[in-house]
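Q: The chain contents come next:
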Amino acid sequence: MINRESVAGRIAKFIFLGTWLIITLFPLYWIVVTSLKSPGMIFKFPLEYWPTEISFDNFIGLFSKADFGTYMFNSLFAATMTATVVTLISLLAGYILARFEFKSKGAVLGAFLVTQMIPAFIALGPLYNMMSDLGLVDTRGGLIVVYIAISIPFSTIMLRGFFANIPDALEEAAMIDGCSRIGALFRVLVPVMLPGIMATFIFSFVNSWNELFLSVTLMNSDSNKTIPTALNGFITSFNIEWGPMAAAAVLTVIPTLVMFAFASKYIVQGLTAGAVKG
Amino acid sequence: MSIATRSVERGDSSITVGPPDHNNRSRKRRQFTRRRAWTILGFLAPSAIFVTIFTYYPMLSGSQMAFRNWNLNDLSNTDWVGFNNFIEIFANADFWGVLGNTVLWVVGSLIPQFLIGFALALWLRRRFFLRGVYQAFIFFPWAVSGFLIGILFRWMFNGEFGVINDLLLKTGLIETPIPWLSDPHFAMTAIIIANVWYGVTFFAIMILAALQSVPDDLFESSAIDGAGKIRTLFSITIPYIRATLALTVLLRIIWIFNFPDIIYGMTGGGPAGQTHIVTTFMIDLTQQGNYGQASAVGLIVVLVLLVFSTFYLMAMREKKEQ
Numbered sequence: 001m002i003n004r005e006s007v008a009g010r011i012a013k014f015i016f017l018g019t020w021l022i023i024t025l026f027p028l029y030w031i032v033v034t035s036l037k038s039p040g041m042i043f044k045f046p047l048e049y050w051p052t053e054i055s056f057d058n059f060i061g062l063f064s065k066a067d068f069g070t071y072m073f074n075s076l077f078a079a080t081m082t083a084t085v086v087t088l089i090s091l092l093a094g095y096i097l098a099r100f101e102f103k104s105k106g107a108v109l110g111a112f113l114v115t116q117m118i119p120a121f122i123a124l125g126p127l128y129n130m131m132s133d134l135g136l137v138d139t140r141g142g143l144i145v146v147y148i149a150i151s152i153p154f155s156t157i158m159l160r161g162f163f164a165n166i167p168d169a170l171e172e173a174a175m176i177d178g179c180s181r182i183g184a185l186f187r188v189l190v191p192v193m194l195p196g197i198m199a200t201f202i203f204s205f206v207n208s209w210n211e212l213f214l215s216v217t218l219m220n221s222d223s224n225k226t227i228p229t230a231l232n233g234f235i236t237s238f239n240i241e242w243g244p245m246a247a248a249a250v251l252t253v254i255p256t257l258v259m260f261a262f263a264s265k266y267i268v269q270g271l272t273a274g275a276v277k278g
Numbered sequence: 001m002s003i004a005t006r007s008v009e010r011g012d013s014s015i016t017v018g019p020p021d022h023n024n025r026s027r028k029r030r031q032f033t034r035r036r037a038w039t040i041l042g043f044l045a046p047s048a049i050f051v052t053i054f055t056y057y058p059m060l061s062g063s064q065m066a067f068r069n070w071n072l073n074d075l076s077n078t079d080w081v082g083f084n085n086f087i088e089i090f091a092n093a094d095f096w097g098v099l100g101n102t103v104l105w106v107v108g109s110l111i112p113q114f115l116i117g118f119a120l121a122l123w124l125r126r127r128f129f130l131r132g133v134y135q136a137f138i139f140f141p142w143a144v145s146g147f148l149i150g151i152l153f154r155w156m157f158n159g160e161f162g163v164i165n166d167l168l169l170k171t172g173l174i175e176t177p178i179p180w181l182s183d184p185h186f187a188m189t190a191i192i193i194a195n196v197w198y199g200v201t202f203f204a205i206m207i208l209a210a211l212q213s214v215p216d217d218l219f220e221s222s223a224i225d226g227a228g229k230i231r232t233l234f235s236i237t238i239p240y241i242r243a244t245l246a247l248t249v250l251l252r253i254i255w256i257f258n259f260p261d262i263i264y265g266m267t268g269g270g271p272a273g274q275t276h277i278v279t280t281f282m283i284d285l286t287q288q289g290n291y292g293q294a295s296a297v298g299l300i301v302v303l304v305l306l307v308f309s310t311f312y313l314m315a316m317r318e319k320k321e322q
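Protein chains in written order, with this note's numbering: chain A, 1 to 278; chain B, 1 to 322.
This is chain B alone, in the form it adopts within the complex:
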């Protein structure tokens, strides 16, 4: 508030008719709101400063690189090139393969994660002996970085000395070792298995929390009505927690889409680039120094996720209104 307006207000107050303490109170309130504004500002400032300088600035400046000829190998010419980087990416046959892989990676990881996570949550809802310990144990994958998970599974899926082939051979499920990481199809399967192993816990936790918000009488009354377990699940439990389920799935889709760590540690996108998803592809471009195209891929990812999230949320809302 400027000094001029303040003095006008003070001037006004002298001609105000009415109880004097009213005026006093409103000044106090103004003082209070001003102090409140400073508190909000002061408490938020440190985080705002860090996030603006070290997250937003590089992100925005990375976005503009998508429209420039930005290559670390030749910095003599960093001109604006419009949509050239995007055109080159769309003309690159590899990119479409990468996009296909990304969809496979997201859908292939999400569905088993969801189903196993849901089953775990249903069975963990009721208390049992050592349930807390069990929960702490299945939390284990979360303590490991995605990159290290990639390495662990790379070792277990090793074609010659890997324990997974050994177990499969011993149980008689296969007769010759599977070249897990040197065959594109098997490699894709292997990275998805690793991701499922990692991601189930998240679903289990979120769905369990949602299930615990369902009032017990709801289950009981449905049991009295003679509804079977399966029917209770589909006609009572799932509709009740639908909103949480939908949100959890959306967050997961965004997250798996953006999650290169396991692949980076496990196959590095190989064999012959066959397990690249958009974000590992982006890392590859960055490591080649091709910042312009890498940024363009990044913007495409953001756009795709934004459009997808919008449609997804709209579809959810429509269903709710029906």
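Only chain A is shown next, with the shape it has when bound in the complex:
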């Protein structure tokens, strides 16, 4: 330890990191506080930074006045199905792109990367037309299929990074022992890179859980709405009701927050592996 930190440096560091932590967490704190206030308290001066009386009316209203339980179920269903299928499919593609050399490999990777750069909105109109021709508009399956397609490129690139960290010898040994390639992949490699797979799963789960524009475009009926679509509905109506909105926001954020808290370390690994090495 040669360049030891000075006291002043340590204080500056502490203040900076502390300030940023407060800035980062404050919006979460504020939305929770808002969601626990009754309508009268939300619009009352002076603003209360900790509600003197806590009310769960906003949460109750979401389930009694709106059909928030259905929206939550729809989101949960879409996100779980998407993440499961995407992780499986991307596992195969990521494995190939990490282990094999072939002529069109650059083109395949390029085709995946390009999808991340083109504004998705260029595809919204035609996608709607196509889905309506296929009879998939306003169906849960249709939405999931589209979510799978948009999540594959990123998940594949992420999993490719995790495969690259595992020595070839592992599956070669298994294959010499008589395992098929797919057997070696699932029996030997998958257990070793489970954290990376979980991170990929969570990443595509959270992205589907949060997705707005596709679901607004494809889902019309109230019983098929996902949470973001429902929130969007809260806005476009003439006035925003901030109490229920805050409660809905809290319910939307909590599951993803918990998942990210557990997987953040591996998500960071997955994101940075490719960028720093390549």
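Since the hints were made in silico from the structure, they are not lab data.
Treat the hints with care, as some may be off.
[Stated by the list, open to error] Below, in silico cross-link-like pairs of lysine-lysine (DSSO-like), each with a Cα-Cα straight-line distance of 27 Å or less:
#1 A/K265 with A/K13
#2 A/K105 with B/K28
#3 B/K229 with B/K319
#4 A/K65 with A/K44
#5 B/K170 with A/K44
#6 B/K170 with A/K103
#7 A/K13 with B/K319
[As the list claims (entries may be wrong)] Using C-beta positions, here's what the derived DEER-type ranges look like:
#8 B/R126 with A/I166: 49 to 59 Å
#9 B/P184 with A/E53: 52 to 62 Å
#10 A/F26 with B/R36: 47 to 57 Å
#11 B/I238 with A/I240: 40 to 50 Å
#12 B/N73 with A/L25: 12 to 22 Å
#13 B/I87 with A/P191: 52 to 62 Å
#14 B/E220 with A/A8: 16 to 26 Å
#15 A/I240 with B/F234: 46 to 56 Å
#16 B/Q64 with A/R187: 40 to 50 Å
#17 B/T310 with A/T139: 17 to 27 Å
#18 B/L218 with A/I166: 20 to 30 Å
#19 A/L109 with B/L75: 53 to 63 Å
#20 A/F26 with B/D94: 29 to 39 Å
No residue lacks a Cβ here, since even glycine has one placed at the ideal position from N, Cα and C.
Take the given structure of chain A and dock chain B to it, following the hints.
A: Just chain B now, with coordinates in the frame of chain A:
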């Protein structure tokens, strides 16, 4: 490989002089490469099928709409109109304002994101008590969708009951409430603040990973040479991780350019269209049913980003060679 060539090869083998097992081995290798090709194809097929049908097909078919008179309100005439949509967009004064906003949005978000992210990364490089927990906490913005972030900040920046005005008034920094979202300049500031809040984490993570790739002896030898902290930063650390920094910045620029979610949730492009960037403008056109012009805007975005990325990467390469 066709049957004809295979039989010729087999025919050839009968007249080959040489050790018999050589021939056998090459057949085995052919068999092996064929199996290898099928493995590659089979493993890539599911993702290729999904991406082709549900991403590439709509994107390409969306691109051709840019050259057609495609309006949902009147589908009786969807003729090819050449570059008409582009001409109309360039003639639209709103579009140039939107382009200006987009540049402001990208540059105004990127610079603070980069600086704060860099500072965080530098200070997170060294282990300290609860560093892991700290990192998990500042990860929080990433769990929230851009749209929801827009809504959270819309509420906090509310002119009457917003907590930000309240805090500013309480600390005496302002004397009258700021009409954050109903004044164009303040609204632009507000959406950029929200985007900075969201984007710092990404930079912090990427730069931290890059910093951790710098060998420790590099820092130590520079300390022995008596270089100060600031000089070490500029003459050792930054040059060492320059490539990662450059790539991260490029990815971010592309991404912020294409990122309408926060604006959509926060101002919807308002007041009076003053906070539109190209992608929210595109959403607006789509919602009006004007698919042709929306696609044209999309193609302009792709073109601008492509040209920009090319020049950017060329400039980076030149600098490296110097």
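Q: Work down the list of hints and note, for each, if the structure agrees.
A: Hint check:
no.: 1; hint: A/K265 with A/K13; result: holds (22 Å)
no.: 2; hint: A/K105 with B/K28; result: holds (24 Å)
no.: 3; hint: B/K229 with B/K319; result: holds (25 Å)
no.: 4; hint: A/K65 with A/K44; result: holds (24 Å)
no.: 5; hint: B/K170 with A/K44; result: holds (16 Å)
no.: 6; hint: B/K170 with A/K103; result: violated (65 Å)
no.: 7; hint: A/K13 with B/K319; result: violated (33 Å)
no.: 8; hint: B/R126 with A/I166: 49 to 59 Å; result: violated (29 Å)
no.: 9; hint: B/P184 with A/E53: 52 to 62 Å; result: violated (39 Å)
no.: 10; hint: A/F26 with B/R36: 47 to 57 Å; result: holds (55 Å)
no.: 11; hint: B/I238 with A/I240: 40 to 50 Å; result: holds (45 Å)
no.: 12; hint: B/N73 with A/L25: 12 to 22 Å; result: violated (46 Å)
no.: 13; hint: B/I87 with A/P191: 52 to 62 Å; result: holds (59 Å)
no.: 14; hint: B/E220 with A/A8: 16 to 26 Å; result: holds (21 Å)
no.: 15; hint: A/I240 with B/F234: 46 to 56 Å; result: holds (47 Å)
no.: 16; hint: B/Q64 with A/R187: 40 to 50 Å; result: holds (47 Å)
no.: 17; hint: B/T310 with A/T139: 17 to 27 Å; result: violated (41 Å)
no.: 18; hint: B/L218 with A/I166: 20 to 30 Å; result: holds (29 Å)
no.: 19; hint: A/L109 with B/L75: 53 to 63 Å; result: violated (39 Å)
no.: 20; hint: A/F26 with B/D94: 29 to 39 Å; result: holds (35 Å)
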